[in-house]
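Student: So the sequences go chain by chain: A and B.
Taking the numbering used here, I'd label the letters of the first sequence as residues 18 to 359.
Taking the numbering used here, I'd label the letters of the second sequence as residues 18 to 359.
Note that these hints are calculated values from the structure, not bench results.
Some hints could be false.
No distinction is drawn between identical chains; accordingly, a pair holds when it is met within one copy or between any pair of copies.
As the list claims (entries may be wrong) - Here are the simulated lysine-lysine pairs, DSBU-like style, with alpha carbons at most 35 Å apart: (1) Lys282 - Lys306; (2) Lys204 - Lys282; (3) Lys259 - Lys204; (4) Lys259 - Lys306; (5) Lys259 - Lys282; (6) Lys204 - Lys306; (7) Lys57 - Lys259; (8) Lys57 - Lys204; (9) Lys259 - Lys131.
As a plain string of letters, each chain reads:
Protein chains: 2
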Amino acid sequence: MNAPLTLRDIARQAGVSLATVDRVLHNRPGVRPDTVRRVKDAMARSAFQPHAAASELARARSRRFAFVMPLGGNPFMQQIQAHLGELANWMAARRLTADVVTTDVFDPAVLAGKLEDLVGRVDGVAVVALDHPSVRAAINDLVESGAKVVTLVSDVPSSRRHHYVGIDNIAAGRTAGALVGRFAGGKTGRVAIMAGSQGLRDHAERIFGFSQVLAAEFRQLEVLPVAEGHDADDRSEHLMRKLLAEHHDIIGLYNVGAGTAGVAKALTESGRAGDIVFVGHDVTALTRKLLLSGVMHAAISQNPGHEARSAVRVLLALARGEPILSEQEAIRIDIVMRDNLP
Amino acid sequence: MNAPLTLRDIARQAGVSLATVDRVLHNRPGVRPDTVRRVKDAMARSAFQPHAAASELARARSRRFAFVMPLGGNPFMQQIQAHLGELANWMAARRLTADVVTTDVFDPAVLAGKLEDLVGRVDGVAVVALDHPSVRAAINDLVESGAKVVTLVSDVPSSRRHHYVGIDNIAAGRTAGALVGRFAGGKTGRVAIMAGSQGLRDHAERIFGFSQVLAAEFRQLEVLPVAEGHDADDRSEHLMRKLLAEHHDIIGLYNVGAGTAGVAKALTESGRAGDIVFVGHDVTALTRKLLLSGVMHAAISQNPGHEARSAVRVLLALARGEPILSEQEAIRIDIVMRDNLP
DNA sequence: TCAAAAATGAGTTGCGTACCTCAAAAATCG
DNA sequence: CGATTTTTGAGGTACGCAACTCATTTTTGA
Chain A
18 MNAPLTLRDI
28 ARQAGVSLAT
38 VDRVLHNRPG
48 VRPDTVRRVK
58 DAMARSAFQP
68 HAAASELARA
78 RSRRFAFVMP
88 LGGNPFMQQI
98 QAHLGELANW
108 MAARRLTADV
118 VTTDVFDPAV
128 LAGKLEDLVG
138 RVDGVAVVAL
148 DHPSVRAAIN
158 DLVESGAKVV
168 TLVSDVPSSR
178 RHHYVGIDNI
188 AAGRTAGALV
198 GRFAGGKTGR
208 VAIMAGSQGL
218 RDHAERIFGF
228 SQVLAAEFRQ
238 LEVLPVAEGH
248 DADDRSEHLM
258 RKLLAEHHDI
268 IGLYNVGAGT
278 AGVAKALTES
288 GRAGDIVFVG
298 HDVTALTRKL
308 LLSGVMHAAI
318 SQNPGHEARS
328 AVRVLLALAR
338 GEPILSEQEA
348 IRIDIVMRDN
358 LP
Chain B
18 MNAPLTLRDI
28 ARQAGVSLAT
38 VDRVLHNRPG
48 VRPDTVRRVK
58 DAMARSAFQP
68 HAAASELARA
78 RSRRFAFVMP
88 LGGNPFMQQI
98 QAHLGELANW
108 MAARRLTADV
118 VTTDVFDPAV
128 LAGKLEDLVG
138 RVDGVAVVAL
148 DHPSVRAAIN
158 DLVESGAKVV
168 TLVSDVPSSR
178 RHHYVGIDNI
188 AAGRTAGALV
198 GRFAGGKTGR
208 VAIMAGSQGL
218 RDHAERIFGF
228 SQVLAAEFRQ
238 LEVLPVAEGH
248 DADDRSEHLM
258 RKLLAEHHDI
268 IGLYNVGAGT
278 AGVAKALTES
288 GRAGDIVFVG
298 HDVTALTRKL
308 LLSGVMHAAI
318 SQNPGHEARS
328 AVRVLLALAR
338 GEPILSEQEA
348 IRIDIVMRDN
358 LP
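From just these sequences and the hints, can you work out the full model?
Tutor: Structure (C-alpha cells):
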C-alpha cells in the first residue's frame, strides 16, 4: 500500500542499481532504451516523486535573478518592487537573490543595453519590456546564454522569453468597456479615453478591447478620440479639463494608464464627478480613495503581489526544470469596486 | 559582503559551538540569556536564514492532511477537490498527503463526529465548517491534539482554528449589491434574492451585505423577501418561476448560492433573461455559459484553485512553524463578467 | 570468436540541518 | 571551599539525492 519512498526503492523495484536510476532520472546517456522503460515503469507504478528538499539540497546552488523595471514613480511598479522586498526572507531561505535594475524602459537602446549587461551574469531575468526589435534581440541573447527570461506586465510575444507574467490587456480593455457600458445604464452620450500613449503595447491593446465592446454592445455610447497624457498627472489634467469643457455630453471616462491624479482632479473640479462613469486601472492609495469617495466607479487591476511572487516562482521553476503550475501563475483581471477593495 | 551561509558560520561569528547555535535556533533550554543574545545578534547581523531544503530534509517528516468537504454535487466544492488533485505531485514531492473526507456538513453532529475521528490521526485539517457549538468543540479538540486547523470557504470565527481560507462574505454580498444596483441603471423596480438557506452563515452574510448596499445606495430598488432554494436546482427553479409570475416589475436577481441551473432555467423560460440583471456566485461550466450568453451579468467568485493551494500552503507553513505570507493567502472577491472570464 | 564499445553496478562524497549523546567547562550555591 | 547544577563543546548519525569514479558485465560488430 505505502509507496516506496526513495530512489533506492525504485532501483530495487526495477532490478537495477541506484546509478542507473540516477542516469534515467536525469536523462544521462548510456542506458539501454529497454532499461529506461523498466525504470520509468517502476517510478510510475509507485507514483514516485523525488524528494524536493533532498534534490534541492544536493544541488546546493544559489541562483541570481534580476528584475529590470522602469525608472520613476509609477505606483504600480513600485508596488511590485515592494512585494519583491517582502519576499526577501523566503528567497534567502532558498538561496535566491533578486536584484532590481531600474532603467528607462521607453528607450529601446538603453533597455536592450541593460539586458545585454546581464548576459552570463544571472540565472534568470524578469523584465518589464518594450516590444522593440533590439529588446527582442537582447532577450533572445539572454535565453541563448542559458538564463531564464520572463516578461512582466508588458509582453514581447515574438521573443524567445519563457513565460509572460501579466494580464491579457485586450481582455482588460474589454472588461473596462463592459463596465462603462453597463454602468452608464442605457443613457446616450460620449465616452472619453485617456491613455499614456497609443505607442505602448499594453495601452494600445486596452483601447482596442474597450472600443471593441462599446462598438458591439453599447451603440448609444460614442467614443471620443483618445487623449494621450503620457502617464503624467499635469498633462493628463490639462487634457481632461479641455475634454470636459468641450463636451458636455460625456457620460463615461476610461483612464487607460497612470496619470490618474490629474484626471481625477480635472473631473472633480468640473463638478461632474460621480455622474460621469469613471473606470481606470490599478489599486493604489489614490484609486482606493477615489473608489471610496465615489469619484471612480471601478478599477481594473492586476495584483502586483501576485505578479512579483509569480515571476520569482516561475523563474525558480524554470531554473530547476520543474513544471509550472499554470493555473496558479495565471494573472487574473481583477475588477475592483468600493465594496470588494482588497 | 557575502553573508555567511551556514550555521557553522554563525557559530564561528558568535564564538560558540554548533550545538549552541542549534539550541538557540530551536529555543531549546540550557543556554544563558547572554549567549542567546550573542547568537541571535550574529544571525541578524548577517541576515541569516536556515537553508529551507536542508531543514526540511533533516526533519524528513511526512505529513498527513485531511480535507473535510460536503457530500454531493456542489460544483464549487468539486472544483476545489479537483484542484487538490492537481496538487498531488507537488505534495508528493514534499511528502505530504491530503485525504478528502466527504460528509454531510449540514448536520452538526455528523460533521463533528467526522472531525473527532481525525483527532490524533492527522497533522492538519481543512474543513468546510458549519458554525455550530458541537463543530466548534470538535475543532478545538483537534487544535488541542496538536493538529493545525483551517476553515475553508465557511468560517467558524469563535473556534480556535488557526486560519480561515475564504472570502469576506459580507463584502461579497455588498459587491453583488453594487453590481445589481449599478447595472440596473437607475430604473425603479424590485430585486429578488434566491439563497440556499438563511441558516448558512455565508449565505446569511451575503444577503446582509447585499441588502445593506441596496438600502443605502439604491433606494429605487425594492428587495423582495428571500426565497430559499436549498441549493437545489428543482426547488430553486420552482420558486423562481413563482416569483417571476407574481412580480412583473422584477429588474434584478441575486442568486446567493448554488441551484443556479434551476434559477437560470426559470429565468430563461420567462423570456425576461437579459433584461433582468442577474448576479450570482462562482465560475462553473454553467455560469460561464450563462455569462457568455448574456443571461447572467456577473458572477462573484472566489478562486477554487487558490483556495485549495492556500489551504495546503497554510497547513504546511503552520506545521513547519514557518510564517504565513498573508498577502499571498488572502482570498480575493473576484468579479467575473463575460470579458474577464478566466 | 574476440576486441571494442556500450551498459551497468558499486561505491564515495557532499549538500546543511536536526537531533542526539557524552564529556568538559563554567557558574552557582551552601 | 567543595559539591552541585547549569551551560557549553565536540562529535556523530541521518535525511534523500546529485554527481562523480572506476571496475565489471553485457552487447555489438567485424
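Student: What are the numbers of the hints the structure violates, in ascending order?
Tutor: Violated hints (numbers, rising): 7, 8, 9; every other hint is consistent with the structure.
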